[in-house]
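If you read the protein sequences in the order shown, they are chains A and B. Per UniProt numbering, the very first residue in the first sequence carries number 1; after that it's consecutive. Per UniProt numbering, the very first residue in the second sequence carries number 1; after that it's consecutive.
Derived by calculation from the structure, the hints in this document are not laboratory data. Treat each hint with caution, since some may be false.
Chain copies aren't distinguished; within one or between two, either way the pair holds.
Straight-line Cα separation of at most 27 Å, DSS-like style, residue types lysine-lysine; simulated pairs [said to hold, decoys possible]: (1) Lys-340 - Lys-30; (2) Lys-335 - Lys-322; (3) Lys-328 - Lys-30; (4) Lys-240 - Lys-168; (5) Lys-30 - Lys-153; (6) Lys-319 - Lys-337; (7) Lys-335 - Lys-153; (8) Lys-240 - Lys-269; (9) Lys-335 - Lys-2; (10) Lys-226 - Lys-406; (11) Lys-338 - Lys-30; (12) Lys-30 - Lys-337; (13) Lys-335 - Lys-5.
2 protein chains.
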Amino acid sequence: MKPVKVGLLGLGTVGTGVVRLVEGHQEDLKSQVGSSIVIEKILVQNKAKQRALHIDADKLTEDPWDIIRDPEIDVVVEVMGGIADTKQYILEALSRGKHVVTANKDLMALHGPEIIAAARANQCDVLYEASVAGGIPIIRTLIEGFSSDRITKIMGIVNGTTNFILTKMSNEGASYGDVLKEAQQLGYAESDPTSDVEGLDAARKMTILSTLGFRANVALEDVSVKGISSVSQDDIAYAKRLGYELKLLGIAERQDDYISVSVEPTMVKLSHPIASVNGVFNAVYVYGEAVGETMFYGAGAGELPTATSVVADLVAVVKNLKLGVNGKQGVTAYKEKKLKTDEQISAKYFLLLHVADRAGVLARITQVFAEHEVSLQSVLQQPNPHNPEAEIIVITHDANKAAMNKVLRAFESLDVIRQVKSVYRVEG
Amino acid sequence: MKPVKVGLLGLGTVGTGVVRLVEGHQEDLKSQVGSSIVIEKILVQNKAKQRALHIDADKLTEDPWDIIRDPEIDVVVEVMGGIADTKQYILEALSRGKHVVTANKDLMALHGPEIIAAARANQCDVLYEASVAGGIPIIRTLIEGFSSDRITKIMGIVNGTTNFILTKMSNEGASYGDVLKEAQQLGYAESDPTSDVEGLDAARKMTILSTLGFRANVALEDVSVKGISSVSQDDIAYAKRLGYELKLLGIAERQDDYISVSVEPTMVKLSHPIASVNGVFNAVYVYGEAVGETMFYGAGAGELPTATSVVADLVAVVKNLKLGVNGKQGVTAYKEKKLKTDEQISAKYFLLLHVADRAGVLARITQVFAEHEVSLQSVLQQPNPHNPEAEIIVITHDANKAAMNKVLRAFESLDVIRQVKSVYRVEG
Chain A
1 MKPVKVGLLG
11 LGTVGTGVVR
21 LVEGHQEDLK
31 SQVGSSIVIE
41 KILVQNKAKQ
51 RALHIDADKL
61 TEDPWDIIRD
71 PEIDVVVEVM
81 GGIADTKQYI
91 LEALSRGKHV
101 VTANKDLMAL
111 HGPEIIAAAR
121 ANQCDVLYEA
131 SVAGGIPIIR
141 TLIEGFSSDR
151 ITKIMGIVNG
161 TTNFILTKMS
171 NEGASYGDVL
181 KEAQQLGYAE
191 SDPTSDVEGL
201 DAARKMTILS
211 TLGFRANVAL
221 EDVSVKGISS
231 VSQDDIAYAK
241 RLGYELKLLG
251 IAERQDDYIS
261 VSVEPTMVKL
271 SHPIASVNGV
281 FNAVYVYGEA
291 VGETMFYGAG
301 AGELPTATSV
311 VADLVAVVKN
321 LKLGVNGKQG
331 VTAYKEKKLK
341 TDEQISAKYF
351 LLLHVADRAG
361 VLARITQVFA
371 EHEVSLQSVL
381 QQPNPHNPEA
391 EIIVITHDAN
401 KAAMNKVLRA
411 FESLDVIRQV
421 KSVYRVEG
Chain B
1 MKPVKVGLLG
11 LGTVGTGVVR
21 LVEGHQEDLK
31 SQVGSSIVIE
41 KILVQNKAKQ
51 RALHIDADKL
61 TEDPWDIIRD
71 PEIDVVVEVM
81 GGIADTKQYI
91 LEALSRGKHV
101 VTANKDLMAL
111 HGPEIIAAAR
121 ANQCDVLYEA
131 SVAGGIPIIR
141 TLIEGFSSDR
151 ITKIMGIVNG
161 TTNFILTKMS
171 NEGASYGDVL
181 KEAQQLGYAE
191 SDPTSDVEGL
201 DAARKMTILS
211 TLGFRANVAL
221 EDVSVKGISS
231 VSQDDIAYAK
241 RLGYELKLLG
251 IAERQDDYIS
261 VSVEPTMVKL
271 SHPIASVNGV
281 FNAVYVYGEA
291 VGETMFYGAG
301 AGELPTATSV
311 VADLVAVVKN
321 LKLGVNGKQG
331 VTAYKEKKLK
341 TDEQISAKYF
351 LLLHVADRAG
361 VLARITQVFA
371 EHEVSLQSVL
381 QQPNPHNPEA
391 EIIVITHDAN
401 KAAMNKVLRA
411 FESLDVIRQV
421 KSVYRVEG
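If we strip away everything but chain A, and leave its shape as in the complex, we get (with noise of 0.2 Å):
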C-alpha cells in the first residue's frame, strides 16, 4: 500500500506533537496499518519562525488552500483552532475527499452536525478524539466502548486550568486570584483566562460527549453554565470540612429520554472517584444504566497527550482506507433531543447563608424549605472568626431546580438573611 499523505494545518504545540509522534513511532504505526504515513505540508503563520522541532523549509506552507487543494492529501490534520475559517477548509477538504483529523473543540460543538453530515455525504471521515480529554479515549469509548449501553449520566472534570485552580486552593488554601496568576505565570491559563474560568470551554466539550452519550444532538445553548470565579476559600473550606471537594463538572443527565446538561462547580464527596483527581489532570465519569459507575482518568492537555489522541484517529482513519470503509462508521445522532424543564431536574444543593444573629433565624429558613417541599439532609449553624454575623450551612436532599429557585427567590425577601453567599450543587 503506498503511502497515506497527511496535511497539517498548525504547528503549534499539538501540531508540533502529532509530529514527533508520526515521526517517532514510523515503525510502530507502519506495523499497525501496513503503509507508512507522511506529513507531506504544514500550516504555519510564519515560515520563518525558529523552531525547536527540525522540519523541511519545503514542508511548509502559509496557505491554507495549498493543503486543502492538493489533491495528493490524503488527510488533513487541523490542530490550528479557530471557527468560521477553520470550518471552510475542513468542509472544503470534505468535499474533495480528504479525510479530517481534528481536535477542535470549539468547531465540533458548535457545527459538529453539520461537519459530520458533510463527512458521510463525501464518504469520509471525521474523527475528532483530541477535542475532549486530551489523551483520554473517552470519544471512542462512548461511541464503542458502551454502544450496547444506556448511559444515563456523564460528569465530567474536561478543563485542566479550573482544577488546577481549584485543587491548590483546596490543598494550600490560596486565594482564587492568587492562584489564577500563579496558573498564568506556569502556562496552565490564558492571559485572558475567561473561556475556562467561566466554564465555556467545559460546556463545549460537554456538549460533544453529551451529544454522543445520549445519541441526540445537544447544542451549546442548551448547556446551563456558571464558572468558578466566584468561589471562594470560604466554601472550599466548607467542603472539606463537610467532606466535599468543590470540583467544576459538567453534568450531563438522562432520565426517560429527557436530559440536562450542566457546567458548574459542585461539591463532590469524597468517596467518589472523581473527588480525587486533582491538578491539571481531567475524569470522565460514566454511569450506564448495565455498566454502572465506569471512570476514565488521564492528561486533557499538552503536547503529547493530546497529539496521543490525533494520531490515534489518523490510525483508525488509515486502517479505514485500507479496508475501503471510510465515511461508514460515524455515530449518528439518532434521537430526538428533548431538554429536561427545571422541574424535572433534580438534586442535592449546598447553601451558605449569612443570617442576623438572633432567636427563631432557622426556624423561619427552615419554614421556606419547607414551604416549598425542599427537604434538608443537613443543617449547620456555627460562628465563624471573619463574619460578624451567623452562618447557616444547609444541604438538601434531592429537591428539583425549580423548588430551588423558589426557595432563593423567597430568600430574597427574608430579613433574616443578610446574603445568600454560595450556592452549589452537591454529588456523591
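Starting from the known structure of chain A, arrange chain B on it as the hints suggest.
Chain B only, in chain A's frame:
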C-alpha cells in the same frame, strides 16, 4: 439488512445479562447497526431448569453442535467458560465462518494466539472485551485508543474478589480468613478460592493485557505470580501507617522492548490513583510514553457490566458484517517477545523483619543491603506490643530483583534475623 442470528453458549450470570441487554436494547441496537440482532439458540446444561428469565423452550439446546453446526447462526457468543471443549467449539465455529465473541479469559490467556490466527484464516472476527475487567472497555482502549503511543507500564486491579478482601481488611481491620468467609457468603469468592486469592485469575488477565499493550505474545507462564493468602493484618496496618494501601496488582512493564509481567501484593502510595480503587471494583492504570498517566475504572464482574462488554463486541461484529470487513481489524502481536531477567527488573521493596532485640542488629542488616548495592529509602525500628521481638521495616529505593533476592538469601543465614515476615513490592 436481514436480522443477525446469534448462538449463545451458556446461560449463567453473564449469558442471562446478554439476553437481557440484546432484548431490552433491541431498538437502540438496531438504530446503531441497521439490523436486528436475534438470539436464535442458547446452549444450557439442563433445558428443564427453572430460570428467572422467560425464554422460549425451543431456543434452548443441550447440544453445543446444534449451534456450531447451524448454518443460520452468524455469530457465536461464548459465555460458558471452560478450556478444552470450549476451544474446540470456538475453532469449529470459526472454521464454519461464524464470528466469535467470548468472555473467556482462561481460553484467551492460554490459547489466544491460536484462536486469533484461526479467526484471521477464516476472515472472522474474534472479540473478547469481556475477558478482562468486566465492563471496562480496556481492550478497545489498548488496541485503538493508544495505537499511536508506546505503552511502558500497565498496572491492574483486575480481580474483584481479592480487592474486596484487601479493602475490607484495610478498612475494618478484619483478618484474611474472616473476610474470605464473608466474600464466599456474598458470592464474591468461590468455595474453592484458589484461582482468585493465589493470583492465577489476575495472571490470566495480565497475559491478555500485556500482549495487547506491548504487541508481543506474552504467555501465562511468563507471568510471575504471588497471591494474597499470606497477607497479614500487620502488613496492612503498617502499609496504612506509612501512607500505602496493600493491593493485589498485575504489573506489566517494558523498557527497550524488554518486558516483565507479574501479579503480586503491592504497597501502593495513597496519592497514586489506583490506591483508592476499593471493593469489587477493577481499574487498569496505563502509562504511555506520550500520553503519560491514564486510568480506567469500573465494575470488573457481574451480570450486566460484563454483558455490556459482550454486547458491545457483538455490535462491533455486526457493524463489520455490514461493511464486509470482518476478520481484518484484529491487532497483531508483531513484536518479538523478550523477557527481562531479574537483573533488569527494577522496583522498590517493603520488608518487615522480626529481629533479635539487641545492639548492633540494625547495623548488620543495613550492611547486607549495602553489600548488594540496594540503597534504602526509609528504615523504621520499633516495638510491637503483639511481638516480643523487635520489628524493623525497610523500604528500599529502586533495586534490581536479582540483588533483592541475594539480600533475602543472605538474611536466611544472618543470626540476628528471626524471620523475614513480609516482602512486598512498592509502587507510587
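Going down the list of hints, with the structure as the test:
no.: 1; hint: Lys-340 - Lys-30; in the structure: between (48 Å within a copy, 26 Å between copies)
no.: 2; hint: Lys-335 - Lys-322; in the structure: between (31 Å within a copy, 22 Å between copies)
no.: 3; hint: Lys-328 - Lys-30; in the structure: both (23 Å within a copy, 16 Å between copies)
no.: 4; hint: Lys-240 - Lys-168; in the structure: both (13 Å within a copy, 25 Å between copies)
no.: 5; hint: Lys-30 - Lys-153; in the structure: between (38 Å within a copy, 22 Å between copies)
no.: 6; hint: Lys-319 - Lys-337; in the structure: between (33 Å within a copy, 25 Å between copies)
no.: 7; hint: Lys-335 - Lys-153; in the structure: within (16 Å within a copy, 40 Å between copies)
no.: 8; hint: Lys-240 - Lys-269; in the structure: both (9 Å within a copy, 22 Å between copies)
no.: 9; hint: Lys-335 - Lys-2; in the structure: between (40 Å within a copy, 23 Å between copies)
no.: 10; hint: Lys-226 - Lys-406; in the structure: within (19 Å within a copy, 60 Å between copies)
no.: 11; hint: Lys-338 - Lys-30; in the structure: between (45 Å within a copy, 21 Å between copies)
no.: 12; hint: Lys-30 - Lys-337; in the structure: between (42 Å within a copy, 19 Å between copies)
no.: 13; hint: Lys-335 - Lys-5; in the structure: between (36 Å within a copy, 26 Å between copies)
Comparing the model with each earlier hint shows no violations; every hint is respected.
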